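Asks: Given next are the chains, with one letter for each unit.
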Amino acid sequence: AQKITQTQPGMFVQEKEAVTLDCTYDTSDQSYGLFWYKQPSSGEMIFLIYQGSYDEQNATEGRYSLNFQKARKSANLVISASQLGDSAMYFCAMSKPRYSSASKIIFGSGTRLSIRP
Amino acid sequence: GAVVSQHPSRVICKSGTSVKIECRSLDFQATTMFWYRQFPKKSLMLMATSNEGSKATYEQGVEKDKFLINHASLTLSTLTVTSAHPEDSSFYICSAHRLAGSYEQYFGPGTRLTVT
Chain A
188 AQKITQTQPG MFVQEKEAVT LDCTYDTSDQ SYGLFWYKQP SSGEMIFLIY QGSYDEQNAT
248 EGRYSLNFQK ARKSANLVIS ASQLGDSAMY FCAMSKPRYS SASKIIFGSG TRLSIRP
Chain B
1035 GAVVSQHPSR VICKSGTSVK IECRSLDFQA TTMFWYRQFP KKSLMLMATS NEGSKATYEQ
1095 GVEKDKFLIN HASLTLSTLT VTSAHPEDSS FYICSAHRLA GSYEQYFGPG TRLTVT
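First to last, the sequence lines map onto chains A and B. Remember, my numbering sits 187 above the position in the first sequence when you count from 1. Remember, my numbering sits 1034 above the position in the second sequence when you count from 1.
The reader is advised that the hints may include incorrect statements.
[Unchecked claim] Derived DSS-like pairs: lysine-lysine, alpha-carbon spacing no greater than 25 Å straight-line: (1) K291/A x K260/A; (2) K291/A x K1075/B; (3) K1089/B x K283/A; (4) K1098/B x K291/A; (5) K1054/B x K1089/B; (6) K1054/B x K291/A; (7) K1100/B x K291/A; (8) K1089/B x K291/A; (9) K1075/B x K190/A; (10) K1076/B x K260/A; (11) K1075/B x K1048/B; (12) K1076/B x K190/A; (13) K1054/B x K283/A.
[Claimed, not checked] Far from chain B by the CB rule (all over 12 Å, computed), these chain A residues: (14) T214; (15) D216; (16) Q256; (17) V265; (18) S267; (19) S269; (20) G272; (21) D273; (22) S296.
[Unchecked claim] With beta-carbon atoms standing in for the labels, derived distance ranges: (23) T247/A x A1036/B: 29 to 35 Å; (24) S1052/B x S267/A: 36 to 42 Å; (25) A1036/B x S229/A: 16 to 22 Å; (26) T1148/B x L271/A: 28 to 34 Å; (27) P1074/B x K257/A: 33 to 39 Å; (28) T1150/B x D242/A: 46 to 52 Å.
If you're looking for bench data, these hints aren't it; they were derived computationally from the structure. Quick caveat: nothing in here was measured; it's all calculated off a predicted structure. Don't be surprised by glycine CBs; every beta carbon is placed ideally from N, CA and C.
Whenever a hint applies, use it, and build me the whole structure from the sequences.
Replies: Below, the structure written as structure tokens:
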């Protein structure tokens, strides 16, 4: 069975600082996809970044980067130069590889990030 | 980008009544849609997988007679909470996969159900 673990229930960060949100996962699959989503208070799920298990390079999307360490089964999200608008709930998630088939997503418990001005 | 809508965004109903929530893919076809439930300050939990033209596949512990799912077309899936009780109050979110070419998954904005 697949499992996602986020050990930081909440984090406070000063504006403009970088922040790392931790995520570890467990799966017996050889091929999988890892996602990070942002959920503001409005409730919508906003896709941030994706990493395929066979991708050799760490994914980057603007201020977001994913520190993928396959051997350690970790997929930490790094947000550079944090902004007040980054305050939200962040979920790490796992699924089959993005372009393979329609598959359910398993979510971690989430980390609530609060940015201090 | 692809858009998924949910209707209603908020609903309040009395205990014992049934409530239908719609999930629509507005600009793409989706053979597969997923329904998630989220309790306050908790994570999203998958309830069921909805496939167009066939019966939904429910996750363990989810009552199929309580949460009726219908995926009648390639752009619409509905979740009906039957004989709702206060413990059914929750945030319900759907997601939809494109039909082909790319299996990107897009989330709807969610529906907040309150049962009084």
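Asks: Run through the hints listed earlier and report the numbers of any the structure violates, in increasing order.
Replies: 13, 22, 23 and 24
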